Amino acid sequence: MSVGYLAAAGTPRVTPPPGLPRLIPADCAAGPEADHGFGQQSLAGHLARLGPLTYPARPGGLIAEAEAAGLTGRGGAAFPVHRKLAAVAGQARERRRAVVVANGAEGEPASGKDAALLWGAPHLVLDGLQLVAQATGATEAFLYSRRGEELSRRLLGALRQRAAAGLDRVQVELVQAPDAFLAGEESALVSWLNGGPARPAFKQPPVWQRGVAGLPTLVQNVETLAHLALIARFGAGWFRAEGTPAEPGTMLVTVHRADGGSYITETGVGTPLAALLPAELGAPGARTAPDASGGIQAVLAGGYHGAWLDPGRAAGLTLSNASLRPAGAFAGAGVLAALPVGRCGLAETARVGRYLALESAGQCGPCFNGLPHIAGALDELAGPRPRRQALADVQRWAGLVAGRGACHHPDGFVRFVRSALSVFRAELDAHGRGRCTATDPAPFLPVPAGAPTGS
Amino acid sequence: MLAVTEGGPQATPNAGHTQGGEALVNGITSSTALWYASRATGVVALLLLTAVMVLGIVVNRQGRLPGLPRFGATSLHRSVSLLAVVFVAVHVATAIADPFVSIGILAAVVPFVSHYEGFWLGLGAVSLDLMAALIVTSLVRGRIGRRTWRVVHWLAYLTWPVAFAHSIGSATDMQGGLLLYLGIGCAVAVAAAAAWRVTAARRAVPPAQRAARVLAAASASRRLDRDRHAGAGAR
Amino acid sequence: MKDNLRLLVNPAACTGHGNCAELLPELITLDEWGYPLLPEGGVPAGLSRQARRAARDCPALALMISGEAREEHSEETQKFRRRPA
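Chains as they are written, first to last, in my numbering: chain A, 82 to 536; chain B, 8 to 242; chain C, 81 to 165.
Source of the hints: derived by calculation from the structure; they are not laboratory data. Predicted model only: the values in this text are computed from it and were never measured. Among the hints, a few may not be true.
Pulled from the structure, derived: some chain A residues nowhere near chain B, Cβ distances all over 10 angstroms [as the list claims (entries may be wrong)]: (1) Pro102; (2) Ile144; (3) Arg177; (4) Glu230; (5) Thr325; (6) Gly341.
Pair ranges (Cβ atoms, derived) [to be verified]: (7) B:Trp203 with A:Gly464: 35 to 45 angstroms; (8) A:Thr220 with C:Gly126: 49 to 59 angstroms; (9) A:Arg241 with B:Val205: 48 to 58 angstroms.
Backbone N, C-alpha and C define an ideal beta-carbon position, used for all residues, glycine too.
One chain only, chain A, in its complex shape:
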């Protein structure tokens, strides 16, 4: 099935799907465990639902549309997409070559939205990849995906379908990311694609100047590319119909409920947290007193580099950086977790902290020394009768570590730990007196088993 892809301005567009979801079709369950056969993952289904991929008629068109749409990166940093595109395109004009990478590594254990997107709407991501390749004049394209045999087979299948239809101008190479928390970090990704270990690098020169094979490289999260593919079809105005004026559009979220279940959904930026955790945070708009919250003691916003929030505070916040940053957290890659009462928040933090410490790339002295030391002190705080010294140790080392790595792993770690010491202060007092409020010792937050790999 050949599809013409050079669309002149004014080509009638297929009607955009109304409301939500925009990215992953409704009848496609999130997660590789659910197999839906061909369904919406097929190229034909994708094109029938959304129409052909339209390339902008004029050069710089995609960048302009991305700017008008106010699209920011969905990998966690929320960096304005048009600026990244412009930077790489500018470099590519001088150097005549460029590389684009779709980043689906998703090293964060508590996040599943990239896997779900690649499973449920791979063609949308691949459309976006072709669009940025055209906008930057790239000659090479990579899909950097998290490890998974089933997922890889799906993706290779999707790539084959596109090749058969002559859809991809730039051939896409599928590369499996190593199983590491930092595998999705931009410079670590570039290092891996260059044949080295997936370890972050010092940011000068930045990857948009010298990245894969020394060429200007654009790295975008797979969800960002999916949004771009829709913006190219339906326009910036359509994109802005959801979300807030300052942070437009929708985003995928991975929500871990207090009952242990989790779900992935797409929601407009600015959605109240209470709407995403209704059982835990009550009806939207109602300010819940901490002791009256639906059996939860804290909400983690922003994943393992995010921050813990008091439930009362969380109930009044929305899923946006404008709302979450003043509270010390951030929207990040859309990970929310509600910690039920009956668990020890300090034990959870210590367990995740230990995982994060061991996921250090082992390059920067302050990180591979500081994080394990802090993790050791957290272990003590999570146990009975920690010495006062342990708390002082954490504070001292946290100050020593933040901002002194080649990447932001130590900074995120410190944010996560400091928020825990604030939100779980009652638990700290209890432990100091030799008591723990927890009744359930089972681990709550997901942490991969086994030794870290990937370096």
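Dock chains B and C against chain A, hints included.
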């Protein structure tokens, strides 16, 4: 101090001419002086290069020289290598200027360009070229980038053995007596330093395991502190 | 024209050698693991020679001197606190 054996111009009272065809005056010719100078500076250069190698490895291992501050080893490595350059330059210049053996400038820098000079001399040219690369890159190391500088600097491990081979091969006076022991001493020093370097590299913790090591050590010491605290503290 | 230099360290290249702290003790101290703590502000004009020497003599070539101009992209990156995704 230099033992004169066969191969060089000799001051024999019976010969009317030296092998180079020059008239003997007081048994010493300008050619002999140059020849002595070349030999002498060559020996000193070898000693200095040995010191540079050992100091370079001390710097790499973050070792401290007794009585010196931490940056002393780095400073000394740099100074001694520049001094070695001077001695090597004089060694090469006097060898070229010496009319007894026709070593042209070309032969000094292009190895094995003619058969006359011999294999061992050719090695000298090789080590000179390598040294030039090391010195030049080190002088501009701030400008050429870390990776480039490091890759070239690894050539040091090739430069010294080649210079050493050149020394013992082309200086027959090093094949016996005091100079032989000197040569052996240099070789032992470099071998020991290199062995230290290799064992350190083998024992080095790969980056992927560093955090785990620190965690184990930090947890262990924390446990010790707690036990001590629990033992000493009043209940 | 004031020489406005800044000290930068490449944390991935730094091996905690400690030369810099000895050559420039007025500005650089070492943390408890031997890694350099750099000053927030720039290098005072009177210390620029020592600062350049410290950068030149760093065995790992990890310490760098840079002028005032920082790359726009990396500034933005710092501001948005990129988290590995």
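Hints, verified against the model:
Once the 10 angstroms rule is applied to beta carbons, A:Pro102 is consistent with being away from chain B; the minimum gap is 39 angstroms. Separation of A:Ile144 from chain B is adequate, the least Cβ-Cβ distance of about 32 angstroms exceeding the 10 angstroms criterion. With 10 angstroms as the threshold on Cβ separation, the claim that A:Arg177 sits away from chain B holds: the shortest Cβ distance comes to roughly 23 angstroms. A cut-off of 10 angstroms between C-beta atoms confirms that A:Glu230 is not in contact with chain B; the least separation is 24 angstroms.
Non-interface call for A:Thr325 relative to chain B: holds, since the shortest CB-CB distance, roughly 39 angstroms, exceeds 10 angstroms. Consistency note on A:Gly341: stated as away from chain B, and its beta-carbon is indeed over 10 angstroms from all of that chain's, at 28 angstroms minimum. About 42 angstroms separates the C-beta atoms of B:Trp203 and A:Gly464, a value consistent with the hinted range of 35 to 45 angstroms. At roughly 50 angstroms, the beta-carbon separation of A:Thr220 and C:Gly126 lies within the given 49 to 59 angstroms, and the hint holds.
Roughly 49 angstroms separates the CB atoms of A:Arg241 and B:Val205, a value that falls within the hinted 48 to 58 angstroms.
In summary, the structure agrees with every hint in the numbered list given earlier.
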